[in-house]
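Can you build the whole structure from these sequences, using the hints too?
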Amino acid sequence: NAGVTQTPKFRILKIGQSMTLQCTQDMNHNYMYWYRQDPGMGLKLIYYSVGAGITDKGEVPNGYNVSRSTTEDFPLRLELAAPSQTSVYFCASSSAYEQYFGPGTRLTVT
Amino acid sequence: RKEVEQDPGPFNVPEGATVAFNCTYSNSASQSFFWYRQDCRKEPKLLMSVYSSGNEDGRFTAQLNRASQYISLLIRDSKLSDSATYLCVVNNGSARQLTFGSGTQLTVLP
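Protein chains in written order, with the working numbering: chain A, 655 to 764; chain B, 123 to 232.
Please note that the accuracy of each hint is not assured.
Okay, derived cross-link-like pairs now, DMTMM-like style, lysine to aspartate or glutamate, Cα gap no bigger than 20 Å in a straight line [claimed, not checked]:
{"id": "1", "chain 1": "A", "residue 1": "Lys663", "chain 2": "A", "residue 2": "Asp692"}
{"id": "2", "chain 1": "B", "residue 1": "Lys201", "chain 2": "B", "residue 2": "Glu178"}
{"id": "3", "chain 1": "B", "residue 1": "Lys167", "chain 2": "B", "residue 2": "Glu178"}
{"id": "4", "chain 1": "A", "residue 1": "Lys698", "chain 2": "A", "residue 2": "Glu713"}
{"id": "5", "chain 1": "A", "residue 1": "Lys711", "chain 2": "A", "residue 2": "Asp727"}
{"id": "6", "chain 1": "B", "residue 1": "Lys167", "chain 2": "A", "residue 2": "Asp692"}
{"id": "7", "chain 1": "A", "residue 1": "Lys711", "chain 2": "B", "residue 2": "Glu125"}
{"id": "8", "chain 1": "B", "residue 1": "Lys201", "chain 2": "B", "residue 2": "Asp179"}
{"id": "9", "chain 1": "B", "residue 1": "Lys167", "chain 2": "A", "residue 2": "Glu752"}
{"id": "10", "chain 1": "A", "residue 1": "Lys668", "chain 2": "A", "residue 2": "Asp692"}
{"id": "11", "chain 1": "A", "residue 1": "Lys663", "chain 2": "A", "residue 2": "Asp727"}
{"id": "12", "chain 1": "A", "residue 1": "Lys663", "chain 2": "A", "residue 2": "Glu733"}
{"id": "13", "chain 1": "A", "residue 1": "Lys698", "chain 2": "A", "residue 2": "Glu733"}
{"id": "14", "chain 1": "B", "residue 1": "Lys201", "chain 2": "B", "residue 2": "Glu137"}
{"id": "15", "chain 1": "B", "residue 1": "Lys201", "chain 2": "B", "residue 2": "Asp161"}
{"id": "16", "chain 1": "B", "residue 1": "Lys124", "chain 2": "A", "residue 2": "Asp692"}
{"id": "17", "chain 1": "B", "residue 1": "Lys164", "chain 2": "B", "residue 2": "Asp204"}
{"id": "18", "chain 1": "A", "residue 1": "Lys663", "chain 2": "B", "residue 2": "Asp161"}
{"id": "19", "chain 1": "B", "residue 1": "Lys124", "chain 2": "A", "residue 2": "Glu713"}
{"id": "20", "chain 1": "B", "residue 1": "Lys164", "chain 2": "A", "residue 2": "Glu752"}
{"id": "21", "chain 1": "A", "residue 1": "Lys711", "chain 2": "A", "residue 2": "Glu733"}
{"id": "22", "chain 1": "B", "residue 1": "Lys167", "chain 2": "B", "residue 2": "Asp204"}
{"id": "23", "chain 1": "A", "residue 1": "Lys663", "chain 2": "A", "residue 2": "Asp680"}
{"id": "24", "chain 1": "B", "residue 1": "Lys167", "chain 2": "B", "residue 2": "Asp179"}
{"id": "25", "chain 1": "A", "residue 1": "Lys698", "chain 2": "A", "residue 2": "Asp710"}
{"id": "26", "chain 1": "A", "residue 1": "Lys698", "chain 2": "A", "residue 2": "Glu752"}
{"id": "27", "chain 1": "B", "residue 1": "Lys167", "chain 2": "A", "residue 2": "Asp680"}
{"id": "28", "chain 1": "A", "residue 1": "Lys698", "chain 2": "B", "residue 2": "Asp161"}
{"id": "29", "chain 1": "A", "residue 1": "Lys698", "chain 2": "B", "residue 2": "Glu127"}
{"id": "30", "chain 1": "B", "residue 1": "Lys164", "chain 2": "A", "residue 2": "Asp692"}
{"id": "31", "chain 1": "A", "residue 1": "Lys711", "chain 2": "A", "residue 2": "Asp692"}
{"id": "32", "chain 1": "A", "residue 1": "Lys698", "chain 2": "B", "residue 2": "Glu125"}
{"id": "33", "chain 1": "A", "residue 1": "Lys668", "chain 2": "A", "residue 2": "Glu733"}
{"id": "34", "chain 1": "A", "residue 1": "Lys663", "chain 2": "A", "residue 2": "Glu726"}
{"id": "35", "chain 1": "A", "residue 1": "Lys698", "chain 2": "B", "residue 2": "Asp129"}
If you want the ones that stay clear, here's a sample from chain B, every Cβ over 12 Å from chain A, calculated [unchecked claim]:
{"id": "36", "residue": "Phe133"}
{"id": "37", "residue": "Asn134"}
{"id": "38", "residue": "Glu137"}
{"id": "39", "residue": "Ser175"}
{"id": "40", "residue": "Arg181"}
Honestly, the hints are just simulated from the structure, not real lab data. Cβ atoms here follow ideal geometry from the backbone N, Cα and C, with glycine treated the same way.
Here it is, written out as structure tokens:
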């Protein structure tokens with residue numbers, strides 16, 4: 655039972671490049687979330703999904719897009735990367751209120 | 123005012139000490155409350171839920187005061203392994219979204 659997995663673990667992007675952060679969970683959870691965490695700060699919600707085919711914006715959605723075609727997968731797309739998107743990105747899933755987090759993707763945009 | 127506010131610390135305490143963390147939240151409609159633990163460069167993990175009647179899990183005691191919108195975490199007999207950042211987390215009742223505080227950093231010294 656892998657829980658929540660994220661790829662890649664690390665990535666360096668140049669300004670203006672695009673990439674997709676992958677997130678997969680094997681717990682059959684309906685709820686999935688993407689957060690970013692800047693140094694010394696709490697997690698901020700980017701997007702979330704309550705089930706396959708349903709997504710909604712969180713607190714900081716600008717510059718990101720998501721899709722949820724299956725229960726298991728919830729990829730996060732960055733278009734036109736900017737230095738302000740340098741952060742650690744965590745994906746999470748839940749069936750009730752406890753959220754289970756993936757190990758994170760450390761992204762640097764230079 | 124931040125939705126969830128915590129003293130960032132750092133708290134540096136000797137092994138065996140008792141340490142208390144406090145947290146306030148701004149949304150009086152919040153329904154569920156949690157403490158998560160985050161080790162350095164790792165993902166957050168649920169430490170314990172917080173109930174109105176107060177709850178205890180071994181050396182950890184959590185309390186909630188809804189009237190004052192205040193949550194606390196008490197750690198007794200601190201261990202070196204308790205060194206981490208402790209995140210106060212509140213659910214605002216919407217799609218099981220969680221709002222995270224910025225965290226309180228604890229270092230237990232030998």
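Structure-based check of each hint:
1. Lys663(A) x Asp692(A): Cα-Cα ~16 Å, so holds.
2. Lys201(B) x Glu178(B): 17 Å, holds
3. Lys167(B) x Glu178(B): Since the Cα atoms of Lys167(B) and Glu178(B) sit roughly 17 Å apart, the hinted pair holds (cutoff 20 Å).
4. Lys698(A) x Glu713(A): Distance ~7 Å between Lys698(A) and Glu713(A) Cα, so the pair holds.
5. Lys711(A) x Asp727(A): 17 Å, holds
6. Lys167(B) x Asp692(A): 18 Å, holds
7. Lys711(A) x Glu125(B): At roughly 18 Å apart (the allowed maximum being 20 Å), Glu125(B) and Lys711(A) satisfy the hint.
8. Lys201(B) x Asp179(B): Within the cut-off at roughly 15 Å; holds.
9. Lys167(B) x Glu752(A): At roughly 9 Å apart (the allowed maximum being 20 Å), Glu752(A) and Lys167(B) satisfy the hint.
10. Lys668(A) x Asp692(A): Within the cut-off at roughly 19 Å; holds.
11. Lys663(A) x Asp727(A): Holds. Lys663(A) to Asp727(A) sits at ~17 Å (cutoff 20 Å).
12. Lys663(A) x Glu733(A): 19 Å, holds
13. Lys698(A) x Glu733(A): With a Cα-Cα distance of about 19 Å, the restraint between Lys698(A) and Glu733(A) holds, given a limit of 20 Å.
14. Lys201(B) x Glu137(B): Roughly 5 Å separates the two Cα atoms, so the pair holds.
15. Lys201(B) x Asp161(B): Roughly 14 Å separates the two Cα atoms, so the pair holds.
16. Lys124(B) x Asp692(A): 16 Å, holds
17. Lys164(B) x Asp204(B): At roughly 14 Å apart (the allowed maximum being 20 Å), Asp204(B) and Lys164(B) satisfy the hint.
18. Lys663(A) x Asp161(B): 17 Å, holds
19. Lys124(B) x Glu713(A): Holds. Lys124(B) to Glu713(A) sits at ~13 Å (cutoff 20 Å).
20. Lys164(B) x Glu752(A): 17 Å, holds
21. Lys711(A) x Glu733(A): 16 Å, holds
22. Lys167(B) x Asp204(B): With Cα atoms ~13 Å apart, Lys167(B) and Asp204(B) stay inside 20 Å; holds.
23. Lys663(A) x Asp680(A): 19 Å, holds
24. Lys167(B) x Asp179(B): 15 Å, holds
25. Lys698(A) x Asp710(A): 14 Å, holds
26. Lys698(A) x Glu752(A): Given pair Lys698(A), Glu752(A) holds - Cα atoms ~17 Å apart, limit 20 Å.
27. Lys167(B) x Asp680(A): 17 Å, holds
28. Lys698(A) x Asp161(B): The given pair, whose Cα atoms are some 18 Å apart, holds under the 20 Å limit.
29. Lys698(A) x Glu127(B): 14 Å, holds
30. Lys164(B) x Asp692(A): Judged against 20 Å, a Cα distance of about 13 Å means the pair holds.
31. Lys711(A) x Asp692(A): Holds - the C-alpha atoms of Asp692(A) and Lys711(A) are around 19 Å apart, at most 20 Å.
32. Lys698(A) x Glu125(B): 12 Å, holds
33. Lys668(A) x Glu733(A): 12 Å, holds
34. Lys663(A) x Glu726(A): 19 Å, holds
35. Lys698(A) x Asp129(B): 18 Å, holds
36. Phe133: For Phe133(B), whose nearest Cβ neighbour in chain A is about 15 Å away, the distance exceeds 12 Å, so it holds.
37. Asn134: Nearest chain A Cβ is 17 Å from Asn134(B), so the label holds.
38. Glu137: Correct as stated: the minimum Cβ-Cβ distance to chain A is 26 Å, above 12 Å.
39. Ser175: 17 Å, holds
40. Arg181: Arg181(B) clear of chain A: closest Cβ-Cβ about 21 Å, beyond 12 Å.
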